[in-house]
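Dock chain V against chain B, hints included.
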Amino acid sequence: MTDRQAPQPPASGAEPAILVLEDGRVFPGRAFGAIGQTFGEAVFATGMSGYQETLTDPSYHRQVVIATAPHIGNTGWNDEDDESDRIQVAGYVVRDPSPRPSSWRSRRGLESELAAQGVVGICDLDTRALTRHLRERGAMRVGLSSVDLDPDRLLAQVLAVPSMAGADLVDQVSTAQPYVVEAVGPKRFTVAAVDLGIKAMTPKLMSQRGIEVHVLPAQVGFERLASLGPDGVFFSNGPGDPAAADQAVALLRQVLAAGLPFFGICFGNQIFGRALGFGTYKLKYGHRGINQPVKDLTTGVVEVTAHNHGFAVQAPLGQDLPTAYGLARVSHVDLNDDVVEGLELRDPAGRLIGFSVQYHPEAAAGPHDAAYLFDRFVQLMTERAGRADAASD
Amino acid sequence: MPRRTDISSILVIGSGPIVIGQACEFDYSGAQACRVLRQEGYRVILVNSNPATIMTDPEFADATYVEPITPEFVERIIAAERPDALLATMGGQTALNTAVALHRSGVLQRYGVELIGASVEAIERGEDRERFKQVVSSLTDLPGGPPEVARSVSCHSVEQVVQAAAQLGLPVVLRPSYTMGGVGSGFAHTMAEVETMAAIGLDASPVDEVLVEESVLGWKEFELEIMRDRLDNVVVVCSIENLDPMGVHTGDSITVAPALTLTDREYQRLRDIGIGVIRAVGVDTGGCNIQFAVNPSDGRVIVIEMNPRVSRSSALASKATGFPIAKIAAKVAVGYCLDEIDNDITQVTPASFEPTLDYVVVKAPRFAFEKFPTAEDTLTTHMKSVGEAMAIGRNFTEALGKALRSLEDPRAPFVLHGPVAQPLPQLLADIARPHDGRLGQVVQALRAGATVDQVHQATGIDPWFIDQLVIVVELARELAEARDLTAQLLRRAKRHGLSDQQIGAIRSLDPDVVRALRWALGVRPVFKTVDTCAAEFAARTPYHYSSYDEETEVEPRTKPAVLILGSGPNRIGQGIEFDYSCVHAAMVLSEAGYETVMVNCNPETVSTDYDTSDRLYFEPLTLEDVLEVYRAEEVAGPIAGVIVQLGGQTPLKLAQALQRAGLPIVGTSPAAIDSAEERGAFGQVLREAGLPAPRYGMATCPEEAVAIANDIGYPVLVRPSYVLGGRGMAIVYDDRTLISYVTEVTLASTEAPIMVDKFLDDAIEIDVDALYDGQELYVGGIMEHIEEAGVHSGDSACSLPPITLGAEVIEQIRRSTAAIAAGVGVRGLINIQYALTGDMLYVLEANPRASRTVPFVSKATGVQLAKAAALVMLGSSIEQLRLNGRLRRVGDGAAAHPRGPIAVKEAVLPFNRFRTSEGDSVDTILGPEMRSTGEVMGLDRVFGTAFAKSQIASYGELPTQGRVFVSVANSDKRHTVFPVQMLADMGFEILATEGTAEVLRRNGIAAQAVRKHGQGKSPTGEPTIVERILDCDVDLVFNTPRGHSVNGDARRDGYEIRTAAVLRDIPYITTVQGLIAAVQGIVATRQAQIGVRSLQDWAIELDRAQES
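Chains as they are written, first to last, in numbering that gives the first Met the number 0: chain B, 0 to 392; chain V, 0 to 1107.
Just chain B, same shape as in the assembly (with noise of 0.2 Å):
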């Protein structure tokens, strides 16, 4: 649904714009970006840092983004820091643009970015009240334009908007072709990444660990899955509902029954409990930030850890719960609202089968106390690995 303009440049915050969200509240504001209107589901993302991380992060398709922090633009543009091929968000909503970006890696600024790349956005509108509304209220959809300034216009095309429950997004930010990200020094695993909407910082992190990755479109078939030799797999964060993606459930199932070592992130995470048998539901506005503080409940030690999730995993805490793949349980929960973060599957010995996590261990943006997962898959491999050995032996 995202009217994606031309690019063109930017419109410099002279130009009047408005905000309508779907119960009708308005935000008078300038324009920001590229000139045009835009709808997607208005979500508020907390983080004071990573912005041009954020913008390129598949898992915000369809979503206009609302920053809490005031501030956007100040690092600029640089050539390293996306995390996808473009910008992924379907609207920008901020407070104050730097008008000038200052960083020694900036190649450009926001604003000709967000223009160059045919998005709309929106400024100087008083976010936190916008944020606070939503908070209240809860995500909803959204339209922002810069072209027609009619509030019950652009409120019509607002209610038309598909709602994001129900929503299968996937194939629209999955790569179309197959690739790989060779592993950085001696090659220790292979690993079929299904992009559910993957992250750059994903297959990064894997291969810096000697993995050699590689990342196939959300269509592909186990037996094309299979046919690459995998040590493990792994499944993306993406956008969406994750109860519309029966699809990538299906595969999941058939990945666990051959009992391949898994490894799931946000999307990955709502899919494997889905796989597992486990229901999923949409939150009120979700969590999206880098500071949630997360449990890892079987040490005890709290993760600070970047988020961006509308959905969660519907699962009891503190039991063991018997699956068709082994025995499932809460291994990660968020400790501000006790949402489910992460799951894990075990064999009846009490090996370790497969695990995901809701948040973000790659972070970008977000802090790295979380880094230890990927660590975690290359154990898991290893394992899995030196058992294959033992009883080809």
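Hints in this document: simulated from the structure, not taken from any laboratory.
Watch out, some of these pointers could steer you wrong.
[Unchecked claim] Here are the in silico distance ranges between beta carbons for each label pair:
{"id": "1", "chain 1": "B", "residue 1": "G184", "chain 2": "V", "residue 2": "D5", "range": "45 to 51 Å"}
{"id": "2", "chain 1": "B", "residue 1": "Y371", "chain 2": "V", "residue 2": "D5", "range": "30 to 36 Å"}
{"id": "3", "chain 1": "B", "residue 1": "Y371", "chain 2": "V", "residue 2": "P555", "range": "44 to 50 Å"}
Don't be surprised by glycine CBs; every beta carbon is placed ideally from N, CA and C.
Then chain V, alone, in the frame of chain B:
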């Protein structure tokens, strides 16, 4: 993990007197810690020599020792109280150093006291620069590789320093180990500077160690505030970016939270390093602060230093984020994990998270160079500011504008009107040197057409910040050129921090007119909430700041509100003492059923803790900002009154305007306040009461002043009218000096007249704090100054009860005080200064407000005066307060009980902080201009012991044997003989200048004459007195100066002697009365070991005594 049950009592060490680099932020931290630990059920024992602190209020600890913070005294407290644990991370470097000393001497082990918060090993790894660097460099498993430290060499002699500097290449940084606030540290650009600074630095370091370091001058500077618990959970509470690049001490820098010019990758690199460092250093149950330098051209990161304790920055970070670092650190220190502690603000989420801000915080330093006219004002790594203001806005420019006007320095807010005074090349040259007011000059340069890049080149300030200033400059131009002030334009100006005053100056309008127009156009701020989470969760704590945005968050209320206006940034003459009174008012009025609303902008204080009042507005104390707060609260519910009497001169200056605007000022009316300040009206009050005041006159030109002076007779005390802290005062003995004084001052302030008072030489100065309800007078306390009149009361030591005043004098003081209070129309507190010469009691001045001495009096007498005053202002009578126990049931503070203690207050002066541009020390002589930053209290049964304690707490132990140097002005020689005789009798060796030695010898005292500084070494190599002091060959210096010597030599000599003593930390005394007190102190110290006693213990004894 739950709290520890293996310990039940905890000793908390405070930070002692307020000094530059260690101010009331440690009262805020320590008060939080004490409160939390008591709530957790621990027995809390506290030691802090500073009576002006909230933490030393008896209800904050089970046993409160207002005693010197030295290893010896703390050991005595440990012996008496036998605590299980010691928490030393709340009291700054003073507490940390004391704890380390107690550990090294085996005291902690001997008494089985466990150090909690940070172990000695962690303290040493964090504080010892060499070890710290090793720790940092050893972090090889960090993603991105081990962090770098500046290359450096640790040195123990001047020769080593010189060699290291040559090896590293100039400029280099010199950093003495184990000092606070960067004492003795700085950049050396030449080898000559290297040598001078090496000597100073080695001396400043208690371990004679100086680190010579490669320069990162001009790099970007960042800080992280980090917390860690015993399960190794780590959170970064706040990032802080210094607007001034590396080279300016962070305490002297304008700083911004959060960091604004880092990408996520760079920020996360700092975070990774910070967490790696806190783990490796081993701070496992508490917080720390880590500073970084980042090269703006390639992002290279250098770790500068860490503080393994709460700090000024952690107080700032707490106020900036709503995450109370000290409170959480105290909980973590007793065993809680971060996820077991609630976030106070949301009450539903845990403390194991990282606050995220949807606003910008700016902190600006406040300096006092006007107090030290000869001091060099270039900002270096050696902290010189005496206070700070913080402001919150929804963007940088809004926060910056608010912060600058919060400083209450008329030169601080940007000048955006009129022609630029200096040519651009001059401005670009000036801004290259960091100094107070540089940012204002940056704005002038931009107005004069400088580009962002030119300013960046000159200053090293990040272009992002300069570009933000360009927004302000362009907006000012737009305002100047606009035909009309439209709502839209005004709103934009306000959104970028311009005050009504600035807009008025641009448009040649009175600020009141701008305000009226703005209100008519509906351009008013809203109030947002500091909530730790950028609105992700609802905030339960009303901690507000204004912004020109759309939606306000002030909740309606039903209870009547009392607004308390705080005292703004600390400065000399107005500091923690006023915050103490404001905090007490908030406490007592909340108890009395009011909704207390605090308005203040000083992040170091207890008053700006969101726990102190029911509502907190972190706002500048200007008319504009206070009116907007009032309006917000007026909409929210009923208002019982506005209190302006407790926060010092800051709110008092606003009183008239606030009343004109219709605000209900409670307590003494603004008109009455004015009548006490205004000489004519006050003279009338005195005449009606039949009270004498020294003769005086007002002069508007030098000729008038000379005529008045000759009429009333020299010496005279001259000063501009309306001053606080003795600003600009001088004692003048002759026409010539008077003329030059008046010329200078008149030049400085064109329209204000000069007051010329008869100066009462050798009078005893007396300070009284009293409470008046319209009917009855309650004397809080009478203080007798130890120094004679002429030394500013803030710089003078004093004793309560008065040690030499007879009952009839005290009765006379009471009668006079009552007459003045009634005459002025006081409802609340009044402070009066008297001078006693012979039998004549002169009234020097009266201030119908809370004074600097209210906390001291309250601690010394056990009656909390400010609380009583707040209740009187809202209508209680003294009779009622006596009945409900807030005041003594019978009698008052004037009547000293024979069983009660003697309390001595001593001032602490910042002379070691300043150097002249030639690198010399500034003079240390006391005078009518207040220059002390803080105070201590010595409490004991007899005066000598109490005085000795006050000296130990402020300057170090008085010697009990050794060598005393005596050099006194002719007029003092008579009074000197007896105390010096006593010193000689105790076995002290007496050195004296020739003239003084002769007088002493004539009186039978064996005094050895020494060479004056001006004489130089003798041909046989006999050293001068200055050389002997510098060689630490003297244990006590007694030197009284007099202003007018024929050729000025005596004065110069005195200067060299006193500064040498300051440099070597040798006790020095500059008044005869001070010497007499010191002799009594020495006698007391020699007689027996000085004991310690808690305030609670004193109170019990007094109660018993009063009952019997």
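**Message:** Of all the hints numbered above, which does this structure not satisfy? Sort the numbers upward.
**Reply:** none
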